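Undergrad: Listed below are the residues making up each chain.
2 protein chains.
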Amino acid sequence: MEKTARAGLERVTRPRLYEQLVEQILAYIESAQLKPGDLLPAERDLAERLGVSRATLAQALVALEVLGVIDVQHGTGAVLARRPSVASVVKGLREHQSRLPEIVEARSTLEVKLAALAAERRTDQDLTAIDNALDVMAKEIGDGHRGTHGDELFHQAITAAAHSSVLGQLMAFIAEMILETRMESLGQPGRPEQSLASHRKIADAVRAHDSDGAANAMLAHIELVSDVELLR
Amino acid sequence: MEKTARAGLERVTRPRLYEQLVEQILAYIESAQLKPGDLLPAERDLAERLGVSRATLAQALVALEVLGVIDVQHGTGAVLARRPSVASVVKGLREHQSRLPEIVEARSTLEVKLAALAAERRTDQDLTAIDNALDVMAKEIGDGHRGTHGDELFHQAITAAAHSSVLGQLMAFIAEMILETRMESLGQPGRPEQSLASHRKIADAVRAHDSDGAANAMLAHIELVSDVELLR
DNA sequence: ACTGTCTAAGAGGCTAGTCCAGTGAGCCAG
DNA sequence: CTGGCTCACTGGACTAGCCTCTTAGACAGT
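If you're matching them up, the sequences are chains R and V in order. Each residue of the first sequence is one higher than the last, beginning at 1 in full-length UniProt numbering. Each residue of the second sequence is one higher than the last, beginning at 1 in full-length UniProt numbering.
Hints are computed from structural coordinates only; laboratory data are not their basis. Wrong hints could be hidden among the right ones.
[Stated by the list, open to error] To spell it out: a stretch of chain R is covered by chain V in this simulated footprint if at least three of its residues, at any positions, have a beta carbon under 8 Å from a beta carbon of chain V; those stretches are:
(1) 135-143
(2) 200-214
[Unchecked claim] Label-pair distances were calculated between CB atoms; the ranges are:
(3) R:Glu48 x V:Arg54: 20 to 30 Å
(4) R:Leu34 x V:His74: 29 to 39 Å
(5) V:Ser53 x R:Asp45: 17 to 27 Å
(6) V:Lys139 x R:Arg44: 23 to 33 Å
(7) R:Arg54 x V:Lys35: 34 to 44 Å
(8) V:Asn132 x R:Asp124: 44 to 54 Å
(9) V:Glu193 x R:Glu223: 34 to 44 Å
(10) V:Lys139 x R:Glu48: 41 to 51 Å
(11) R:Thr76 x V:Thr128: 33 to 43 Å
(12) V:Lys139 x R:Pro15: 21 to 31 Å
(13) R:Pro15 x V:Asp210: 47 to 57 Å
(14) R:Asp124 x V:Asp204: 41 to 51 Å
(15) V:Asn132 x R:Asp204: 24 to 34 Å
(16) V:Gln125 x R:Leu127: 43 to 53 Å
[Claimed, not checked] Residues of chain R clear of chain V, computed beta-carbon distances all greater than 10 Å:
(17) Ala42
(18) Glu43
(19) Asp45
(20) Ala47
(21) Gln59
(22) Val62
(23) Ala129
(24) Leu153
(25) Ala220
Since the structure is predicted, the reported quantities are computational estimates derived from the model, not experimental observations. We treat Cβ as the ideally placed atom computed from N, Cα and C, and that holds for glycine.
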C-alpha cells in the first residue's frame with residue numbers, strides 16, 4: 001500500500017503523474033464537499049482543470065476505482081462510491097508509521113485467532129510446513145543470522161493452517177507493516193533464540209490440537225517480539 | 001470489493017476493457033510461472049499480444065499496481081511484487097459469496113477485540129454516539145422497520161470508540177461483506193428486538209469500562225446474528 | 001393532456017501516432 | 001582496468017479522433 005516509505009529496500013520509483021492526480025482529486029472531493037452519489041466533473045473538463053491529458057486522467061480514475069472511491073459509469077460520469085470512508089482509509093494508510101502500537105495490536109488480534117484456528121484445523125501437511133519453517137529458522141540462527149526468513153515462513157504456515165482465507169487476507173493487508181516490526185525486533189541480541197523457543201511452543205500446541213494453548217502461546221510470542229518496538 | 005454481484009442495487013456497469021486485461025495478465029503470470037522480481041513483457045509487446053492500445057494497457061497496469069501485484073519502473077519494466085500472494089488474495093476476493101462462515105469468523109475476531117478496546121478507551125463522547133445509535137435502532141424497530149441503520153451506526157460507534165485506526169481499517173475492509181450478512185439476519189421475525197437487547201448489553205459493559213464483559217457480550221451478539229446465516 | 005419515440009448533446013471507452021525521459025549494456029578511449 | 005559515451009529499449013505522457021452509451025427534451029401519435 002505504502003510505497004515510498006518502505007525502508008531503503010525499494011528503488012526510488014519516479015513519481016507518476018496519476019498518483020499525484022489521485023491526491024488532487026481526493027482533495028477536491030473533500031474541498032467540494034461531495035457526498036456519495038455525487039458526480040465528479042466530466043473527464044474532459046477535469047483533465048483540463050488539472051492540466052493533464054484525458055489518458056492520464058483515465059489512469060487516475062482507474063486507480064480511484066480500484067481503491068473503491070468512485071464508480072465510473074459509461075455515459076453518465078464518475079460517481080462517488082456509497083462509502084466515502086474508503087477515501088479516508090486510504091488517506092489513513094499513508095501515515096501508518098506513527099502507529100506501531102496499533103499495528104501490533106491488530107497483529108496480535110489476528111494472529112492469536114489464527115493460532116487457535118490452526119490448532120483446530122491443521123492437517124498433517126500444515127504441520128509439516130510449520131516444522132519445516134522451524135528448521136529453517138533454527139538453521140539461520142545457527143549460522144549467525146537473524147532468522148527473519150524462517151520467522152516469516154512460520155507465520156505464513158500458521159496462517160495457512162487456520163484455513164480461513166478471509167482472515168488470511170486481512171493478515172496480508174497489514175503484512176507489510178508487520179514485516180518492519182519483525183525485522184527490528186529480531187535484531188536484538190538473544191532475541192532470535194527466544195523467538196524460536198516461543199515458536200516451538202506454538203507449534204507444539206497446534207500439533208496437540210490445543211486451541212487455547214496455541215492462542216496463549218501466540219499471545220506471549222507477540223508480546224515478546226513487540227515490546228522492544230514499543231520503546232521507540 | 002466485488003462490484004458486479006452486489007444485489008440488484010447496482011446499475012450494471014458496462015464491462016471495461018482494462019478489467020479484462022487484469023484478468024488476462026494475472027492468468028499469464030500464472031501460466032508463465034513468473035516469480036517475484038521477474039519482468040512482464042514490454043508494454044508495446046504486451047499491448048500488441050493482447051490486441052489493445054498502449055493507453056488501455058496502461059490502465060490495466062495501474063490497476064495491477066494499485067492492487068499490489070506489480071511495480072512499474074520507468075526504463076526497466078513492470079516487475080512482479082515480492083509478494084505474489086496478493087494476486088491470489090485478489091483472486092480469492094472475487095468469490096467471497098461462498099465463504100460466509102469465514103466472514104462471520106473474521107467479523108467475530110475483530111469486533112470482539114474492538115468491543116474490549118472500546119470498554120477500555122471510550123470517552124464520554126463515544127458513549128453518547130453509542131447511546132444515540134441505540135435510540136435510532138429502537139425508533140426504527142418501533143416503527144416496524146428492521147433497524148439496519150441503527151445497527152450499522154452502533155457497530156460504527158463501537159469501532160470508533162476503540163480508537164484503533166488499524167483495526168478500524170480492517171473492519172472497513174470487510175464491511176461490505178458484513179453488510180450483506182446483517183441485512184438478511186435482521187429480516188428474521190423477532191430478531192431486531194433480540195439484536196437490540198444484546199446491543200444494550202454491550203453498551204452497558206462499555207459504559208462500565210468492563211473489557212471482558214464487552215468482549216463476551218459482543219461474541220454472544222455476533223453468534224446470535226450469525227446463526228441464521230450459517231444454515232444456508 | 002398523456003405517452004411513446006426519436007434525436008442530439010454530452011458523457012466515458014478506446015485507439016493510433018508521436019515525442020519525452022529514464023535505464024543499462026556495450027563500446028572505446030584514456 | 002576504468003571512466004565516460006552512445007544507443008537501443010523501456011515506460012510516461014500527450015494529442016486527435018472516433019465509437020458507444022446515457023439522458024433529456026422535442027415531437028409526434030393517442
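Undergrad: Looking at Asp45 (chain R) again, its CB stays over 10 Å from all of chain V?
TA: 19 Å, holds
Undergrad: Beyond 10 Å from every chain V Cβ: check whether that's true for Gln59 (chain R).
TA: 5 Å, violated
Undergrad: Looking only at beta-carbon atoms, does the pair Gln125 (chain V), Leu127 (chain R) fall within the given range of 43 to 53 Å?
TA: Hint holds: Cβ distance 48 Å, inside 43 to 53 Å.
Undergrad: Just to be sure I understand the hint, the distance between the Cβ atoms of Lys139 (chain V) and Pro15 (chain R) should be within 21 to 31 Å; is that true here?
TA: The hint (21 to 31 Å, Cβ to Cβ) is violated, given that Lys139 (chain V) and Pro15 (chain R) are roughly 50 Å apart.
Undergrad: Confirm or reject the statement that Leu153 (chain R) sits farther than 10 Å, beta carbon to beta carbon, from all of chain V.
TA: 13 Å, holds
Undergrad: Test coverage of the segment 135-143 of chain R by chain V using CB-CB distances below 8 Å; three residues minimum.
TA: Per the Cβ count (0), the hint is violated.
Undergrad: Using the C-beta atoms of Pro15 (chain R) and Asp210 (chain V), is the stated range 47 to 57 Å upheld?
TA: 50 Å, holds
Undergrad: Does the hinted range 17 to 27 Å hold for Ser53 (chain V) and Asp45 (chain R) at CB?
TA: 23 Å, holds
Undergrad: If you check the beta carbons of Lys139 (chain V) and Arg44 (chain R), does the distance land in 23 to 33 Å?
TA: 46 Å, violated
Undergrad: So does Leu34 (chain R) sit 29 to 39 Å from His74 (chain V), Cβ to Cβ?
TA: Given about 33 Å between the Cβ atoms, the range holds.
Undergrad: Once the closest CB in chain V is found, is it more than 10 Å from Ala220 (chain R)?
TA: Non-interface label stands for Ala220 (chain R): nearest chain V Cβ at 17 Å, farther than 10 Å.
Undergrad: Do Lys139 (chain V) and Glu48 (chain R) keep their Cβ atoms within the hinted range of 41 to 51 Å?
TA: The hint (41 to 51 Å, Cβ to Cβ) holds, given that Lys139 (chain V) and Glu48 (chain R) are roughly 48 Å apart.
In this structure, the hints that do not hold are numbers 1, 2, 6, 12, 15, 21, 22, in rising order.
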